[in-house]
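Visitor: Those sequence lines, one after another, are chains C and L. For the first sequence, the numbering used here assigns the number 8 to the initial residue and increments by one for each residue that follows. For the second sequence, the numbering used here assigns the number 8 to the initial residue and increments by one for each residue that follows.
Each hint should be verified, as a subset may be incorrect.
You can't tell identical chains apart in this list, so a pair holds if it fits in one copy or across any two.
Unchecked claim - Calculated pairs, DSSO-like style, for lysine-lysine (alpha carbon to alpha carbon, straight line, at most 30 Å):
#: 1; residue 1: Lys416; residue 2: Lys406
#: 2; residue 1: Lys168; residue 2: Lys108
#: 3; residue 1: Lys314; residue 2: Lys79
#: 4; residue 1: Lys308; residue 2: Lys160
#: 5; residue 1: Lys297; residue 2: Lys168
#: 6; residue 1: Lys265; residue 2: Lys79
#: 7; residue 1: Lys152; residue 2: Lys314
#: 8; residue 1: Lys93; residue 2: Lys262
#: 9; residue 1: Lys108; residue 2: Lys288
#: 10; residue 1: Lys98; residue 2: Lys79
#: 11; residue 1: Lys176; residue 2: Lys474
#: 12; residue 1: Lys79; residue 2: Lys308
#: 13; residue 1: Lys336; residue 2: Lys62
#: 14; residue 1: Lys23; residue 2: Lys297
#: 15; residue 1: Lys406; residue 2: Lys394
#: 16; residue 1: Lys108; residue 2: Lys336
#: 17; residue 1: Lys416; residue 2: Lys113
#: 18; residue 1: Lys406; residue 2: Lys336
#: 19; residue 1: Lys168; residue 2: Lys288
#: 20; residue 1: Lys23; residue 2: Lys314
#: 21; residue 1: Lys262; residue 2: Lys160
#: 22; residue 1: Lys160; residue 2: Lys23
#: 23; residue 1: Lys108; residue 2: Lys160
#: 24; residue 1: Lys176; residue 2: Lys297
Source of the hints: derived by calculation from the structure; they are not laboratory data.
Number of protein chains: 2
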Amino acid sequence: MASRQREISVSEFFTKNRHLLGFDNPAKALLTTVKEAVDNSLDACEEAGILPDIKVEITEIQPATSPNQPSKFRVAVEDNGPGIVKPQIPKIFAKLLYGSKFHRLKQSRGQQGIGISAAGLYGQLTTGKPVAIVSKTGKGRPAFKIELRIDTKRNQPDVVKDETTEWDKDHGTRVEIDLVAVYRGGRTGVQEYLEQTAVANPHLALTFVPPKGGERLEFPRVSNELPREAQEIKPHPHGVELGMLQMMMQDSGAKTVKQVLVDDFSRVSPAVAQQACEMAKVSPRLPAEKLHGEALEHLHKALSQVKVMAPPATAVVPIGETLLIEGLKRRFPRADFYASTTRPPKVYRGNPFVVEAALAYGGDLPLDEPAEIMRFANRVPLQYQPKACAISESVYQTKWRNYELSQPKGGLPVAPLAIVVHLASVWVPFTSEAKEAVAHYDELLDEMKLSLQECGRKLATQLRAQKHAQREHLRRSLFEKYIPEVARALANILSMPVEKTEKPFYKALPIFVNLGLDEDAKDAPKEVPTGGGAPSVPPPASAKGKDKQLKLVE
Amino acid sequence: MASRQREISVSEFFTKNRHLLGFDNPAKALLTTVKEAVDNSLDACEEAGILPDIKVEITEIQPATSPNQPSKFRVAVEDNGPGIVKPQIPKIFAKLLYGSKFHRLKQSRGQQGIGISAAGLYGQLTTGKPVAIVSKTGKGRPAFKIELRIDTKRNQPDVVKDETTEWDKDHGTRVEIDLVAVYRGGRTGVQEYLEQTAVANPHLALTFVPPKGGERLEFPRVSNELPREAQEIKPHPHGVELGMLQMMMQDSGAKTVKQVLVDDFSRVSPAVAQQACEMAKVSPRLPAEKLHGEALEHLHKALSQVKVMAPPATAVVPIGETLLIEGLKRRFPRADFYASTTRPPKVYRGNPFVVEAALAYGGDLPLDEPAEIMRFANRVPLQYQPKACAISESVYQTKWRNYELSQPKGGLPVAPLAIVVHLASVWVPFTSEAKEAVAHYDELLDEMKLSLQECGRKLATQLRAQKHAQREHLRRSLFEKYIPEVARALANILSMPVEKTEKPFYKALPIFVNLGLDEDAKDAPKEVPTGGGAPSVPPPASAKGKDKQLKLVE
Numbered sequence: 008m009a010s011r012q013r014e015i016s017v018s019e020f021f022t023k024n025r026h027l028l029g030f031d032n033p034a035k036a037l038l039t040t041v042k043e044a045v046d047n048s049l050d051a052c053e054e055a056g057i058l059p060d061i062k063v064e065i066t067e068i069q070p071a072t073s074p075n076q077p078s079k080f081r082v083a084v085e086d087n088g089p090g091i092v093k094p095q096i097p098k099i100f101a102k103l104l105y106g107s108k109f110h111r112l113k114q115s116r117g118q119q120g121i122g123i124s125a126a127g128l129y130g131q132l133t134t135g136k137p138v139a140i141v142s143k144t145g146k147g148r149p150a151f152k153i154e155l156r157i158d159t160k161r162n163q164p165d166v167v168k169d170e171t172t173e174w175d176k177d178h179g180t181r182v183e184i185d186l187v188a189v190y191r192g193g194r195t196g197v198q199e200y201l202e203q204t205a206v207a208n209p210h211l212a213l214t215f216v217p218p219k220g221g222e223r224l225e226f227p228r229v230s231n232e233l234p235r236e237a238q239e240i241k242p243h244p245h246g247v248e249l250g251m252l253q254m255m256m257q258d259s260g261a262k263t264v265k266q267v268l269v270d271d272f273s274r275v276s277p278a279v280a281q282q283a284c285e286m287a288k289v290s291p292r293l294p295a296e297k298l299h300g301e302a303l304e305h306l307h308k309a310l311s312q313v314k315v316m317a318p319p320a321t322a323v324v325p326i327g328e329t330l331l332i333e334g335l336k337r338r339f340p341r342a343d344f345y346a347s348t349t350r351p352p353k354v355y356r357g358n359p360f361v362v363e364a365a366l367a368y369g370g371d372l373p374l375d376e377p378a379e380i381m382r383f384a385n386r387v388p389l390q391y392q393p394k395a396c397a398i399s400e401s402v403y404q405t406k407w408r409n410y411e412l413s414q415p416k417g418g419l420p421v422a423p424l425a426i427v428v429h430l431a432s433v434w435v436p437f438t439s440e441a442k443e444a445v446a447h448y449d450e451l452l453d454e455m456k457l458s459l460q461e462c463g464r465k466l467a468t469q470l471r472a473q474k475h476a477q478r479e480h481l482r483r484s485l486f487e488k489y490i491p492e493v494a495r496a497l498a499n500i501l502s503m504p505v506e507k508t509e510k511p512f513y514k515a516l517p518i519f520v521n522l523g524l525d526e527d528a529k530d531a532p533k534e535v536p537t538g539g540g541a542p543s544v545p546p547p548a549s550a551k552g553k554d555k556q557l558k559l560v561e
Numbered sequence: 008m009a010s011r012q013r014e015i016s017v018s019e020f021f022t023k024n025r026h027l028l029g030f031d032n033p034a035k036a037l038l039t040t041v042k043e044a045v046d047n048s049l050d051a052c053e054e055a056g057i058l059p060d061i062k063v064e065i066t067e068i069q070p071a072t073s074p075n076q077p078s079k080f081r082v083a084v085e086d087n088g089p090g091i092v093k094p095q096i097p098k099i100f101a102k103l104l105y106g107s108k109f110h111r112l113k114q115s116r117g118q119q120g121i122g123i124s125a126a127g128l129y130g131q132l133t134t135g136k137p138v139a140i141v142s143k144t145g146k147g148r149p150a151f152k153i154e155l156r157i158d159t160k161r162n163q164p165d166v167v168k169d170e171t172t173e174w175d176k177d178h179g180t181r182v183e184i185d186l187v188a189v190y191r192g193g194r195t196g197v198q199e200y201l202e203q204t205a206v207a208n209p210h211l212a213l214t215f216v217p218p219k220g221g222e223r224l225e226f227p228r229v230s231n232e233l234p235r236e237a238q239e240i241k242p243h244p245h246g247v248e249l250g251m252l253q254m255m256m257q258d259s260g261a262k263t264v265k266q267v268l269v270d271d272f273s274r275v276s277p278a279v280a281q282q283a284c285e286m287a288k289v290s291p292r293l294p295a296e297k298l299h300g301e302a303l304e305h306l307h308k309a310l311s312q313v314k315v316m317a318p319p320a321t322a323v324v325p326i327g328e329t330l331l332i333e334g335l336k337r338r339f340p341r342a343d344f345y346a347s348t349t350r351p352p353k354v355y356r357g358n359p360f361v362v363e364a365a366l367a368y369g370g371d372l373p374l375d376e377p378a379e380i381m382r383f384a385n386r387v388p389l390q391y392q393p394k395a396c397a398i399s400e401s402v403y404q405t406k407w408r409n410y411e412l413s414q415p416k417g418g419l420p421v422a423p424l425a426i427v428v429h430l431a432s433v434w435v436p437f438t439s440e441a442k443e444a445v446a447h448y449d450e451l452l453d454e455m456k457l458s459l460q461e462c463g464r465k466l467a468t469q470l471r472a473q474k475h476a477q478r479e480h481l482r483r484s485l486f487e488k489y490i491p492e493v494a495r496a497l498a499n500i501l502s503m504p505v506e507k508t509e510k511p512f513y514k515a516l517p518i519f520v521n522l523g524l525d526e527d528a529k530d531a532p533k534e535v536p537t538g539g540g541a542p543s544v545p546p547p548a549s550a551k552g553k554d555k556q557l558k559l560v561e
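For reference, chain C alone in the conformation it holds in the complex:
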């Protein structure tokens, strides 16, 4: 058996396990390819401080042989980003586990160094065709056109073509991948992904040219401001694991323990480092490489207990309460009520994160259907694996009945409701490399539920006010029903004439005027407020009615 033991290259592994990367089936493969390319373009533009202008073009290059079969498509994604220097292009596009985003703690869409190479790998596997890249890093500089294959056995790029080309762009990158795929609409389709991406990225100008003569779509830029740049941070002392601490100490060169703590951690001042060392009974001046065994364990424990500030909030960039509602309004413009919440930054396993949620309620949202959930992680819409996602789980676990909504046991609330949850973090823990669903970390789930509860409370206040107004209206209308009788009787007693006019006679009676039951006030209970404020109450009885008041008792 020993002779058969051998190394497995990561490309071989993911070729066989391509469903782990989101290439389970031809429809999903198309979405994943577009998504990886667009996410990369957005990251590149934002890092370079460029307002992104992205074009996605899908062309059917070979029709299917029979109706239910997949066909061959070419996906081209072009951006106005900073471009990529030539020597980096092969590895970025044709080597799995290579990139700039894995080894840093900074919020970005990509984080694994797998995505775009995996799309190329899938294209190569299904069509045999290389990936084509055109990139230019600035005006006056040459544009390069490079074609790449992945040598899966070695997980290394093979450059098939390498030439200089003309490109009428100042800077940017264009990637073209041929693949066997299926183009589909609906909730898991490319168009849905692009629409949701536009919602979460108001600073993006996007053009989509769908295949088979579909209508070209333009999503013009809504905001000319780039989101605040996420700051790169160091690991936070709370949540660092023993093995990680050990590695940091061993890799420290000539530093002392204290120096490592101060230099390589976030929020550790010299005083805090001193304190942690004292708690652990470790000399702060000990060479870090020599920290082993029990002393290391003590320091690890001390670091989890020492008081430090939360990681800087600047490391994560939420969409924000206002823009979240704007996004929702783009999609559900006719809802009755919107609410949103951005929670304060928290930490899991040393990684800062922010959860935000938003709701749209009522209006033309369907009355008797389960609520619609839109899930976002670092501004990227998640369309697959809702059942495996902590975001969906947080919606299920929220007790929506507390907020005046009906909810079958363990199910989604059944209401005219759309829910958005966004997780922004320097490191989003996905359930698979396909980045389709967020893993169930308790710290994340708790924050998600808290954000939903906050939105729920805002909604409940609103719904209770609505119900109160409806009850008031009912009481009023019951009372009003008997007014004619009372009025007629009173008129009789007072020997007043009972005339039938367009405005019923009894409306002239002081009691009516006094109750505020005139034409305008009658409609008031229907004017339910759509903001977060108190319900609008019918105006008090007009003063002019006061002196005419009828004293029934005398």
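Model the placement of chain L on the given structure of chain C, informed by the hints.
Guide: Positioned in the frame of chain C, the structure of chain L alone reads:
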């Protein structure tokens, strides 16, 4: 930005993404560690033709500092397998993506070359301790004790200790991993995993020593026969991907196209290879390395269309209909009815697979709760991620109402029902490296549904017979209700005395005897059959009553 681009080692990747490997939380980490070690032991024993004898021991080596905190455990798994030759030990236990199972097509529990090294990685990360292995390959040979760390930056083993030791075993392997964990019972606990493993592996003798003075559990061997050994196969021409075919041709050395087809594929005879080449208009004698572009595409298409036998059924080893029911009976000994189905082998992406299903119904299974699902892949129980699993999905998608069961829309059947589904394949596509759920491949889902439908039909036949018997019983009892009246009237007409005896007088009447409504027969309709046969019907009227028959009409 270019300067920050760098390679990511697969160990670094999985350290950061350890939830992908089943180490999301301390409770799951413990289960995953036990599971990876036991799966490896079972595979090793079976491949060597040894009846497995496995001991799992979990010891708490450092109690938790406070109640809700995890503590430190040592997991030790010892087998009587063939042992591992010394030079292989470091890579097998301390290098991710290394092993003998990835590059072959053969049904086994392990398939990635990740699991046990990942458990060691998690142990190292949380306790800083190396993994300890003792292994011996035969009587009279030395036993080696080796301690290992993983150098995560290079994904390479570091041998910390390497010594010869005494071991009173003839051969076998023992692995010890220290880790921060939580020991838990219930559906996702270690004990449940071991119990289900015993169900699916009747040839396994298992001892479990739980931590904290828990009771030692013995699962004695039930069958002394090893499961038939799964045959290793080559890829099947149906389902091979273009890129894969391209690679096979390019790696063929000096072979011709025809030779590659015959040698490297399953079920391709020289005649079939000739036919495929003719269909593709490719010369069979062309050097395989020279097959490119359109010719390659044509051959790929021809291979998907040429008639070939299904892959050999010997490549997959189902549990079998009889043993499946035996397994279910072990767990639900008091159910009323059992059914099982083993489907014929099918192929997805060139991989043969077999789906089998079994049901237990009635008895002491809970009446008003959703059915319980037990999921198995290559005899390994799957305990996490039920919602993401194709097996659960197949249960949801099956229309149980067709089989006389109630089923809420889109939900599980609500009935006293337990469902087992087992997928056996040379390659199980899991939704993540943690191997917790089966990915949604249509071919798999279809077979799963077919297997459930077959079981469902067996159940429905049974339930309909039961209902029929109940209806008969009702009819009979209605009739019986009026017999006294009729009898009294008849007695009157015939001037017979109406006596009140313990056995009511009318029971002596021939009509009663004739209908078989005596004391014994009355209970008959309740004796519902528990096998698969026809309902037991009350015995026909005894012949002795015949001659006494009263002729009512005359």
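Visitor: Now look at each hint and say whether the structure bears it out.
Guide: Verification of the supplied hints:
For the identical chains of this complex, Lys416 and Lys406 are neighbours both inside a copy (10 Å) and across copies (22 Å), given an alpha-carbon limit of 30 Å. With identical chains, the CA atoms of Lys168 and Lys108 are at most 30 Å apart within one copy only, with a shortest distance of 27 Å there and 36 Å across copies. In the homo-oligomer, the alpha carbons of Lys314 and Lys79 lie at most 30 Å apart only across protomers (25 Å), although the nearest pairing inside one protomer, at 58 Å, exceeds that limit. Taking the closest pair of Cα atoms, Lys308 and Lys160 come within 30 Å of each other only across two copies (25 Å); inside a single copy the shortest separation is 43 Å, beyond that limit.
Within a single copy, Lys297 and Lys168 get their C-alpha atoms only as close as 50 Å, which misses the 30 Å cut-off; across copies the closest is 19 Å, which meets it. Taking the shortest alpha-carbon separations for Lys265 and Lys79, only the inter-copy value of 27 Å comes in at or below 30 Å, while the best intra-copy value is 58 Å. Neither within a single protomer nor between protomers do Lys152 and Lys314 lie at most 30 Å apart by alpha-carbon distance, with minima of 53 Å and 43 Å respectively. Taking the shortest Cα distances, Lys93 and Lys262 never come within 30 Å of each other, neither inside one copy (37 Å) nor across copies (38 Å).
For the homomeric pair Lys108 and Lys288, neither the shortest alpha-carbon distance inside one copy (36 Å) nor that between copies (48 Å) is at most 30 Å. Taking the shortest alpha-carbon separations for Lys98 and Lys79, only the intra-copy value of 25 Å comes in at or below 30 Å, while the best inter-copy value is 41 Å. Neither within a single protomer nor between protomers do Lys176 and Lys474 lie at most 30 Å apart by alpha-carbon distance, with minima of 58 Å and 76 Å respectively. Taking identical chains as interchangeable, the C-alpha atoms of Lys79 and Lys308 lie at most 30 Å apart only when they sit on different chains, with a minimum of 14 Å there against 56 Å within one chain.
In this assembly of identical chains, the alpha carbons of Lys336 and Lys62 lie at most 30 Å apart only when taken from the same copy (24 Å versus 60 Å across copies). Proximity of Lys23 and Lys297 under a CA criterion of 30 Å is satisfied inter-copy only: 25 Å between copies versus 43 Å inside one chain copy. With identical chains, the CA atoms of Lys406 and Lys394 are at most 30 Å apart both within one copy (18 Å) and between copies (21 Å). Proximity of Lys108 to Lys336 under the C-alpha cut-off of 30 Å is found in neither arrangement, the shortest distances being 33 Å within a copy and 53 Å between copies.
For the homomeric pair Lys416 and Lys113, neither the shortest alpha-carbon distance inside one copy (39 Å) nor that between copies (44 Å) is at most 30 Å. Taking the closest pair of Cα atoms, Lys406 and Lys336 come within 30 Å of each other only inside a single copy of the chain (25 Å); across copies the shortest separation is 39 Å, beyond that limit. Taking CA atoms no more than 30 Å apart as the test, Lys168 paired with Lys288 passes between copies only; the shortest distance there is 29 Å, against 61 Å inside one copy. In this assembly of identical chains, the alpha carbons of Lys23 and Lys314 lie at most 30 Å apart only when taken from different copies (25 Å versus 47 Å within one copy).
In this assembly of identical chains, the alpha carbons of Lys262 and Lys160 lie at most 30 Å apart only when taken from different copies (20 Å versus 40 Å within one copy). With identical chains, the CA atoms of Lys160 and Lys23 are at most 30 Å apart both within one copy (12 Å) and between copies (24 Å). In this homomeric assembly, Lys108 and Lys160 come within 30 Å of each other (Cα to Cα) both inside a single copy, at 24 Å, and across copies, at 16 Å. When the C-alpha separation of Lys176 and Lys297 is checked against a cutoff of 30 Å, the pair qualifies neither within a copy, at 54 Å, nor between copies, at 39 Å.
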